[in-house]
Every structure is written in structure tokens, then in C-alpha cells.
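Work out the full structure: start from the sequences and follow the hints.
So the sequence lines, in the order shown, correspond to chains A and B.
Counted from 1, the first sequence has number 306 at position 306 by this note's numbering; the numbering is strictly sequential.
Remember, this note's numbering sits 1000 above the position in the second sequence when you count from 1.
A couple of the hints might just be wrong.
Below, in silico cross-link-like pairs of lysine-lysine (DSBU-like), each with a Cα-Cα straight-line distance of 30 Å or less [said to hold, decoys possible]:
hint	chain 1	residue 1	chain 2	residue 2
1	B	K1185	B	K1221
2	B	K1008	B	K1069
3	A	K369	B	K1069
4	A	K367	B	K1011
5	A	K369	B	K1008
6	B	K1148	A	K369
7	A	K365	B	K1008
8	B	K1323	B	K1148
9	B	K1159	B	K1148
10	B	K1338	B	K1309
11	B	K1148	A	K365
12	B	K1070	B	K1185
For the record, the hints were derived by calculation from the structure and aren't laboratory data.
So you can see what is in the structure, the chains are spelled out below.
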Amino acid sequence: MENRIYLDYNATAPNRPEAVKTIQEAMRAPHNASSVHNFGREGRQIVEHAREQIAALVRAPATQIIFNSGATEGNNTVLQHFKNERTLVSAIEHQAVLEAVPNLEQIPVTPEGIVNLDALEKLLETEKTGLISVMRVNNETGVIQPVQEAAALAHKHGALFHCDAVQAAGRIPINMAELGIDFLTLSSHKIGGPQGVGALALGLCGITPTLLHGGGQEKSARAGTENVAGIAGFGVAAEIALKELSAYQDKTGALQKHLEDALSIMEDIIIHGQNAPRAANTTLFSLPGASAETLLMALDLEGVAVSNGSACSSGKVEPSHVLKAMGASDEEATSALRISTGWNTDENDIDRFLEVWQNIYQRMKDKAKAHA
Amino acid sequence: MNSLGINKDPKDTRVVVAMSGGVDSSVAAALLHEQGYDVVGVTLQLYDMGDQTAKSKTCCAGQDIYDAKKVADERGFPHYVLNYESNFRESVIDDFADSYIRGETPIPCVKCNQTVKFRDLLEVAYDLGAHCMATGHYIKRTVNDDGKAQLHRAHDHGKDQSYFLFATTQQQLDFLRFPLGGWSKDKTRLEAQRLGLITADKPDSQDICFVPDGNYTKIVKKIRPEAEKPGEIVHIDGRIIGGHEGIIHYTIGQRRGIGIGGGVSKNNEPLYVVSIEPATNRVIVGPKAALARNIIHVQGCNWLENVPKDGLSIDLKFRSVMKPVPARLMGGANGAAKIHLDEAQYGISPGQAAVCYHNDRVLGGGWIIRSEAA
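Below is the structure:
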């Protein structure tokens, strides 16, 4: 289809051309980074260079970065390590946290979608807690979470702190030590690197959660032959993301304003978390009474790719658990669309979205009028 | 006018095709696409495979969704899967079970067409900016000189599905299209082969989609475990002549498997289920003559034609598989109606539909609530 536009960066971002080029180069030779020979040493160099690039992105020492297959693995690795201890997670975490282990206790959020720190403190006072997990930026709303404050509360009560920073990387600055994060998870494909690569960054608590055991790779913290080419692409994407962060924030901020100014004047549209601090690339809005599933299809037929909250492979559409946690009605939670922009989005994309959206919106309004 | 009766170029005419994954709707979609229409295929996921006993032989199950998607991918038009499990459960499966508990013989396919397909899916089609929605049903739609759409039995009476579509409202009919209405099944299969569809040789589904093994009571028991209550089998003359394991096992007009030995009736005449009484949990049996009825009361009617005060001469079907019989339709208030049969008929069961025709034209119909001999 001509004229396709992509506004679903929070699901996966298009690969940066520089990352593709680096991956292609890295794939030309057989690189087992654990091998002693020349080929292996080349692979090792690629991996270690990428490790520095990732470390820079989160302001951590390179020694603290463990490569893995992505944030689902990272989150599982951390949460499984604490499966026998009380674990508190925010109610708006990704399924990769919420489903990682049974019996998690949830920390409620405010109607603006911000983790309720008072509620967290009360929970901490009731019983000894092993781990708290709060994401840095919510994938559906883009709302930035008070991670520094939550981590401080965790430490005050003798708990460790995990942060899923998948949607924060490349969107806002991350400084692990300043935020007080003990375990941080990252994903390559949300910042323009390849899919199937991620990292777990360790703070200085001395604990190394380990899920996969075997060949001793990643200092035995994550067994399995390193995905050298993927890691190389991840590193490049991270380096560019860091370098361009400020320009990216300016650009996506302007696009967000342009989009939301236009949406705000459309009757009945609700933009979620609009008054909370947000990543500049994400807008989640509802048109109560409509079905997000149908809206998504209608937009897709016009070549516009957006998302209804978090994508999931089963194809089952459930009301957004994030919006439910924010106290939204079922009608709001089942009619929510997420627009997420990124490094290759420009104003024409937003204009095209608005043009297509205007028609669909009008159709919905006409129908509502006809039914009234 | 294009072949779908819309005053636009086919390429500017968006048609949503409800694709079950079977050969009929595959052909309907692929043909319209071949004719240049802006085809959007939609398949409904109606029940969870782990949840029901359904196997993949029938519509709307896992394999069928895959097949529909494959047809769309190969022909090159967009296709979406909509999860309607909860709608289907509420509108069709629960109602199916409750109907059996009321002593009726339900037709879930009509309920599904009436709710999930022609209410919910039709709305989606509208929301997608479609100009019409097409299905692979064997039923004919024509348009009068005055622009009003009519429904007719399929050209191939053996495949005709009009009985299951009597509840289609005029408004729905205006939006619907049935490209296979004038076709025979053989022609559909030939077209499927010509188009190279993977569904070309797929067997027809015979059963209710969520009861593919034909074991209705198993489903009813699963949904309403309290449904299977033992009770009495009573002869119409008042004698208690046996026991049963639950009224859900019986259908009006049923002869086989009642579980009563000989010696009950004169000359050992066969016994039939004459009525089912949920209130007393009794199954009433009697000779065939006791099944004779000449008045049918219906409700929840849908009419595609005005029913005059003094009634209308019609041809009636009160079961899907039967030749229409002559009758007179008398309209009533609040969606009710009364049908006088010219000659008494046997085995009329509440829960079934009474569908009225004038020759091949579908006039509408209603749900049978009771019948009487007068």
C-alpha cells in the first residue's frame, strides 16, 4: 500500500539504518564471542563495544550490563529471582512483569496514571518486602513514573528496586544511580535496534539474578551464545538515541502538541494522563462508545498503523488494564488508541493521521446521532 | 450501478465479507475481490477451542480462521479476526442452553445471524466505511422497482439457507449482499478450484458449530450443570409410564430413544414426545395423532412485508428441512402472530422458527412459543 504511515513506535520502532548496516557487517563473519580465535575475538570486541554504548545510555558502568533476548526475559529474570519474597509491582506494569511470577501485589495508580507513592508506603509498612518493580515510562500512556521516590521508599524499607525502562530509553534521560535502581531492563527494538535483543543493567546491590544457566556467557549471568550482530545493532541504536535525545524530545514534543491540539477540539475525546509528566512521543486517547478494535482496523485500511494499548500476540482484545487501573470506565478502556512516534516520524505523518482520523471520527459521530 | 447495486466503481466500493473459513464465504470474498471491489475479509472468533468441545471441522474455529486468513493473503485483500467470544457466549450459547431447559428445541444459527453476525459484525462493517456486507449464504436478495430489497430462497432449494435468515431486518437487508444466492454448491466448488482457494475441497459443516459431535446435551450440561434433572415420562392419558434423565434429552416429535418398552399403547403403536413440561419436569408422550396441530403461536417476529389485518396466505416452514406447507398468517401486537395451517402438521416444537414465504420470497417469521389443535 502506498502512503503507509507508522505511528506505533511503542510496539516496535523501525530499525535505524545505521543499526541495519552494523548488523549486516557483524553478520559477515562467524562470531562466537566466547571463542579464542581471531573470529571470536572480533565478536568479543563488537559485544564489548556495544556494552559501553548501552552503559552510556543508562549512565552505568559497562561491567553492569548483561545482554539477553529482550525485556520480557529481563523482567522474568529479575522477578523470578525474588519469587519467594514479597514483591510489589505497579498496577500498570507490562504483562512481562505482571505475569512473570504468581502472587504479585499491585501498587495502585492515580487517575492520571502515576504510581501512588502513599499507597506504596502503606504497603511497605505492613509487611517485609523483597522487591518493588515500577516502570519508568508507561507503554500505553507514556506517563513518567516517580521512580526515584519509589526506589527511595524501597530502600528505606529494606527492599530492592527493579525498573522496566523499555519505554524510557531514548525517550527521556536515564541515570541508574541517581534514580536508585538496582535492576533495570531494556529492549533494543523500541529504540531502533533489532528485535530479540535486550539488556539487564545491574545496580550496585551485588545481586545478579540469573535465569538461564549453561555455557557461562555474560560472566555466567546469562548463558547462551551471544547474539553478536543483534547486540551490535542494539549498541548503535543506543548510541544514536543518546546523542539525539534532546533533539528527539523537541521534535516528538512538537508532534505531540500538534496532535493533541487537534484531538482536543474533537468532542468527547479523552486524552489520558495529559496533565501528568509524559514521554513526548506517546498519546493515548479514547472515544467512548467506539471500539478500539474497529477503529484500529478502519485506520489500518487507510494505511495508518496505530495501536490499542499494548499489542499482544493472541489477538484477543481485552480492555486496557492500564486504563482500568487509572479508574477509567469500560467504555474508555475499550475505545483507547495509542499514537506513538519516534525517530522517523514527521509532521506529515501526524497530518495524514488527523486527516484519516477526522473521517472515521465523523462516521462514528454520525452513527451516534442516527442512533440517538 | 455495479454488481452489488451500488452506484460506484467497484474499486471505490468497500465490501466487508464475513468469512467463516469455509468454501462458500471464501469464494464470495475472492470473487468480489476479483471483480475489483475493495474487499475487507473479517472472521469472527466465536469460542475458545480449549473451552468448548468443538473440533476444527466446522466454522469459526482455529483452523478456519487460519484458512480464511490464508485465502485473503493469497488473493491480496486485508483480513481481520474479531474476537466475539463473549458476544457469542451471551447471545447464542447461553440462550441455546436456556432454551433446552425451557423444554424447547433451539436454533442457535438463527440467533447467531440475528445478533453476532447481522447486528455486531454489521456495525463493524459500517464503522469500517463499508458500503455493504457480503456473506456466503445461499439466499437470494433482489431489489424491487421501488428500491426495496427482498429476500428469496436460494436458486438451489437443497442448499437454501433462508430459514436461518428469517430474522434479517429490512435495514440489515438493505446493507447485506449474498453473491452465492443464485448458485449451486457445485458451481461454488468449481469457482473455488478456478480461483485456487485452499478451501475448495473443504467438507461442508453439518452441525451446529460449537457442537460438532452432535452431542447437544453435553454442551447444555456443561453450561447449566443443573439442567439434567430426572423426571417422569407421562402418557397423554395420564399414566406415568417411565422415567427420564432430564428433559434436555427430548425434542417434540421424537420417536426413537424415548426409553419406553412395548405394551403401553393400543396395538403397540409407536410413542412420540408430544410435549415437554419444564415446570413439572415431565415428558409427555402419545401416539402420532396427538402431535397434530393446526395453529401456531409465534413471537419475536420480523416481517419484511406488511401483514394486513385480515391476514395473508403464506407457505410455512416450521423446521429447516421440510417442504413449505400452505397456511394463513394473522399479525398480532408486540411482535406476536398466529398462523393457521391449512392442514394439521406434526412435530411442531417451541424454540424453532416459523418462517413464512410467498412462493420463494421470504416474508419473515417468528419464534414458535406454542401450538394448538383447534
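For the pair we were handed, B/K1070 and B/K1185, check the Cα-Cα distance against 30 Å. Holds - the C-alpha atoms of B/K1185 and B/K1070 are around 22 Å apart, at most 30 Å.
Between A/K365 and B/K1008, does the CA-CA distance stay at or below 30 Å? holds, 24 Å
Hinted pair, alpha-carbon criterion (30 Å max): A/K369, B/K1008. Please report holds or violated. holds, 26 Å
Could you grab the alpha-carbon distance between B/K1185 and B/K1221 and see if it respects the 30 Å cut-off? With a Cα-Cα distance of about 36 Å, the restraint between B/K1185 and B/K1221 is violated, given a limit of 30 Å.
Run the distance test for B/K1338 versus B/K1309: straight-line Cα separation, threshold 30 Å. holds, 12 Å
Does B/K1008 pair with B/K1069 here, judged by a C-alpha cut-off of 30 Å? holds, 27 Å
Holds or violated: B/K1148 with A/K369, Cα cutoff 30 Å? holds, 24 Å
Take the C-alpha atoms of A/K367 and B/K1011, compute the straight-line distance between them, and say whether it is at most 30 Å. holds, 24 Å
Is the hinted pair A/K369 and B/K1069 satisfied, with a Cα-Cα distance of at most 30 Å? Since the Cα atoms of A/K369 and B/K1069 sit roughly 34 Å apart, the hinted pair is violated (cutoff 30 Å).
Tell me if the straight-line CA distance from B/K1148 to A/K365 falls inside 30 Å. holds, 27 Å
Verify the proposed pairing of B/K1323 with B/K1148, using a straight-line Cα cut of 30 Å. holds, 27 Å
Straight-line alpha-carbon gap B/K1159 to B/K1148, limit 30 Å: holds, 25 Å
In summary, the structure is inconsistent with hints 1, 3 from the numbered list given earlier, while agreeing with the others.
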